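Enquirer: Chain A is already provided as a structure; the job is to place chain B on it using the hints.
Each chain, written out:
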Amino acid sequence: MKRKGLLLAVFSAFLVLLTGCNNLAVLNPKGPVAKTQSNVIIFSILVMALVLLVVYILYVYMLTKYRASKAAPDYEPPHMEGNKWLEITWITIPVIIVTILSVVTIRSTAAVEKVPEGYEDQKPLVIYAASSNWKWHFSYPEEGIETVNYVNFPTNRPVEFRLYAYGPISSFWIPQLGGQKYAMSDMVNKLNLVAEHAGSYMGKNSNFSGEGFAHMEFEALAMTSKDYEEWLDEVKTTAPKLTEQEFDSLLKESHVGRKSYSSTHLEFRPAPEGENAGHNHGGSEEMDMNSESGEMDHSEMDHSEMDHSEMNMDSTGTDDAGAADHSSHGN
Amino acid sequence: MKWDEFFVTGEPMIYGAMVSIVVASLAILIGLTYFKKWGYLWREWLTTVDHKRIGIMYIISALLMLFRGGVDALLMRAQLAMPENGLLDGQHYNEIFTTHGVIMILFMAMPFIIGLMNVVVPLQIGARDVAFPRLNAVSFWLFFAGAMLFNISFVIGGSPDAGWTAYFPLASLEFSPTVGNNYYSIAIQIAGIGTLMTGVNFIATILKMRAKGMTLMKMPMFTWSVLITCVIILFAFPVLTVALALMMFDRLFGSQFFTMANGGMDMLWANLFWVWGHPEVYIVILPAFGIYSEIISTFSRKNLYGYKSMVWSMVVISLLSFLVWAHHFYTMGHGVMVNGVFSVTTMAIAIPTGVKIFNWLFTMQKGRIEFTTPMLYSLAFIPIFTIGGVTGVMLAMASADYQYHNTMFLVAHFHYVLIPGTVFAVIAGFYYWFPKLFGFRLDERQGKRAFWWIIISFNVTFFPLFFLGLKGMTRRMYTYSESTGFGPLNLLASIGSVGLAIGFILLVYNIYWSFRYAPRDTTGDPWNARTLEWSTHSPVPEYNFAIEPTVKGLDPFWESKKGGHQLYEGKIEEIHMPNNSGQPFILGIIFFFFGFFMVFSWWVPAIIAGIGVVVMLAVRSFERDHGRHIPVKEILETEARLGGEQA
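Respectively, the protein sequence lines represent chains A and B. If you count the first sequence from 1, position 321 lands on 321 in the UniProt record's numbering, and the numbers rise without skipping. If you count the second sequence from 1, position 359 lands on 359 in the UniProt record's numbering, and the numbers rise without skipping.
One chain only, chain A, in its complex shape (with noise of 0.2 Å):
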């Protein structure tokens, strides 16, 4: 029967899925996070595969036990109102499955929000990652370098990754080593990863962002921690500082290929977190403002202090011509 064998498709279908993970990223983890959803991914399948399983057996009973061709001529269907324990039973369970699972999601999410178990104590590297159209920006404070399109990290070390975006909303996706958070521009997501295996993995921006976004892929490269000294030595040596002027540029670029500079952007552009976030001005520091030019003249104020915090709003913009824009914003 045509339906039987659709079935069969199906079912052999997830067994493919079951047995033949390698090619399948998701399923393939390199990282303690992304293992943990792997296997809750593969927990869920199973525990839905058994669900299917009771729909499809009841299915096929009813449908080849019941059919018309089958009956009697004279046959009469009952009038049947329902079972009282029969509707128990398929809330009960569900309820059971639904609580099972409802556990394991929130074990799971805390679990991957968190730096991965076993790296707590190591301090975790920190890398920011910008989005733009339609580039990665990556910036290493601590070390003082910058790449685009690529990133290089350490295995076997917990890494910070600190994102927002000059743009639409992005999603920094590496699948092999964890899943996706959102780069926005008026707020830093932070994403917890470790690679436990030295290589080059496939990175990506997942989240629709206009007409390059298809090529907004960039190369995540663990490597053995020596490696990594080398090739920061490497850059810090030979690669250019970055000026704000080539940020810029770089900003304004759609593809711009890989890059790697000697300083950070975050010197003169910082990202919108802390004090620099996007909606931090709704209460107090809007105060703060009045307060300020109340008591003092406005041209007498800090200036590198007030330059700062209006550029970090102008950050989120992605015209110079938004300082016009900031002035009536402090008011």
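Hints in this document: simulated from the structure, not taken from any laboratory. Careful: at least some of the hints might be erroneous.
[As the list claims (entries may be wrong)] Just a sample of chain B residues kept apart from chain A, beta carbon distances all over 10 Å, derived:
(1) GLY10
(2) GLU11
(3) VAL19
(4) TRP42
(5) LEU74
(6) ILE152
(7) MET209
(8) VAL242
(9) LEU319
(10) SER343
(11) ILE586
[To be verified] Below, simulated DSSO-like cross-link-like pairs (lysine-lysine); rule was C-alpha separation at most 27 Å, straight line:
(12) A:LYS123 with A:LYS35
(13) A:LYS70 with B:LYS562
(14) A:LYS84 with B:LYS366
(15) B:LYS448 with A:LYS65
[What the hints assert, rightly or not] Facing chain A, from chain B, some residues (calculated, C-beta under 7 Å):
(16) VAL71
(17) GLY163
(18) ASP266
(19) THR331
(20) GLY340
(21) LEU361
(22) MET364
(23) MET394
(24) ALA398
(25) LEU470
(26) LYS471
(27) GLU623
Computed from a prediction, not measured in an experiment: that's the story for all the values here. Each residue gets a CB set at the ideal place from its N, CA and C atoms; glycine is no exception.
Expert: Then chain B, alone, in the frame of chain A:
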């Protein structure tokens, strides 16, 4: 705006579309004139307030939009069939998946569902029309104006290109400077007002106009599903209205609600969109559940199993549908607590849905299952939709969703939910209620052939996408390189989409063939069905029931056929019916032009059209129209002509 930007230029496909639009429009105009059908069109269709005709117009529009959205889908699949394919460029592809999403959800699924609601609900509850027939016509023409406005965007000015979700800041003026997203905010707004009024109208109809004896718990399941759906519409659509208005302000008047600068919040749009968007999914799914309940019960020759729990599960689903929206962006970085809560509420929806699946299965137990075309679609729905459902539970798990989000896995999931859930349902409902409207059944052999093409091709098209997602292929990519390894599965999916197209062509041919050759049905009850709509003639006379029916229990027509009580007691009296009116149609036209001028920021014409809207509303307010009465003699004649067994 320069004039050379007004029409979209430089794309051979779009030139082709322009030519075909002009040719088709000319053909229609000439045809109408040649066959002297202008008067007929105006009197019988454009000015009608009859719920059945409005329903038919909704369904015809939905089929047209299915064609448009389907062509979009085929173009996407053609582009993705091979790595590095050059059929479409990035911008064109972005416009196509955006319009595919908007059209399929808002201008195909919604009107198809609303069309079936219009056709069936008054008949199922034994009413002669909806509560506000004129408003119903306004709803339709506003929907139609919105749909047409949205559709012309691809030849005039350019289509929206920021996805059907139109996330900011991508959809802001800064990143999407063409008028495309103006079309989005205004066309959907106009259609949405129509939908909101439909919601009000059907709540009033169902609550106030049921036949004598039909208590709420004796309503047919489809009517129940429509009632609950309309309550969801009433709560969800105002959110969309507000969100679209803010979007319009941002794009046309320089406000900064969702922009990147000056304190705009991009994720506010995402929240508002999904506060509407998730309930919207249930707006198109719940009536589908109602349709399946009717069909499975009819063709199992049994009453619906667990009626009460079916009703309560829909009520629970409707409540939960408002508590899950944040699962669309677990990845925006709200903490474990928020993600945990939304995971649990999302998974909880599986419980009432499961109750429904089991009730359908047990409706068939001890039944006499007949495999008619509508039943086949309903039966295909159960196993396929269950795959959509269980993958939904998988997606609901926040930690795992970090890996599924924005991937083809998600695309596969929602097609596995919406196509068996909604598309199969409206096709099943179309086959099922078609004879009620036109007096003959669609040919069964051809119907089944189309069915098998559609079912098998559907799985070939969408099942591979689960694997593509797990391989790391994100949605909305217009191209991919060969080294990704996405090629073979994409090719398979594209082959499946061709099969789907063939299935739909066979379906359309089935309709055409049956119109010409199918034997006419004179009984009014070709399926041996159970509810009131089958107790009147086919095609249904404009007043629906010569005598208003009296109901004692569920499945009243079935009971009366089995020798229960009389449905129609009393004698025929004059029937009070509403008058036709051209105002809703004219209002639709004015709204269309108002929207069009707003899209292009042509303020003076927009203000004039806006005044036109107000004038139309004022005219209606001062109009005295008490309807008309159909005399007994005319009713008797009609009844005699249609078979007359009731009189």
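Enquirer: Is the hint on B:ALA398 kept, meaning its closest Cβ partner in chain A is under 7 Å away?
Expert: holds (4 Å)
Enquirer: Given the hinted pair A:LYS70 and B:LYS562, is their alpha-carbon gap at most 27 Å?
Expert: holds (23 Å)
Enquirer: Taking the least C-beta to C-beta distance, is B:LEU470 closer than 7 Å to chain A?
Expert: B:LEU470 check passes; min Cβ-Cβ to chain A is 4 Å, inside 7 Å.
Enquirer: Can you verify the interface hint for B:MET364: is its Cβ closer than 7 Å to any Cβ in chain A?
Expert: holds (4 Å)
Enquirer: Taking C-beta pairs only, is B:ILE152 more than 10 Å away from all of chain A?
Expert: For B:ILE152, whose nearest Cβ neighbour in chain A is about 23 Å away, the distance exceeds 10 Å, so it holds.
Enquirer: Would B:SER343 pass as off the interface with chain A, using Cβ distances and a cut of 10 Å?
Expert: Nearest chain A Cβ is 5 Å from B:SER343, so the label is violated.
Enquirer: Taking the closest pair, is the beta carbon of B:ILE586 still more than 10 Å from chain A?
Expert: Correct as stated: the minimum Cβ-Cβ distance to chain A is 39 Å, above 10 Å.
Enquirer: Beyond 10 Å from every chain A Cβ: check whether that's true for B:VAL242.
Expert: holds (20 Å)
Enquirer: Close enough to count: is the Cβ of B:THR331 nearer than 7 Å to one in chain A?
Expert: holds (5 Å)
Enquirer: Is the Cβ of B:VAL19 farther than 10 Å from every Cβ of chain A?
Expert: Answer for B:VAL19: holds, closest chain A Cβ roughly 27 Å.
Enquirer: Does the structure keep A:LYS84 and B:LYS366 at a Cα separation of 27 Å or less?
Expert: Given that 27 Å is the threshold and the Cα spacing comes to 18 Å, the pair holds.
Enquirer: Hint B:LEU361 vs chain A: min CB-CB distance below 7 Å?
Expert: The hint holds - B:LEU361 has a Cβ within 7 Å of chain A, the shortest such distance being about 5 Å.
Of the numbered hints listed earlier, those contradicted by the structure are 10, 16, 27.
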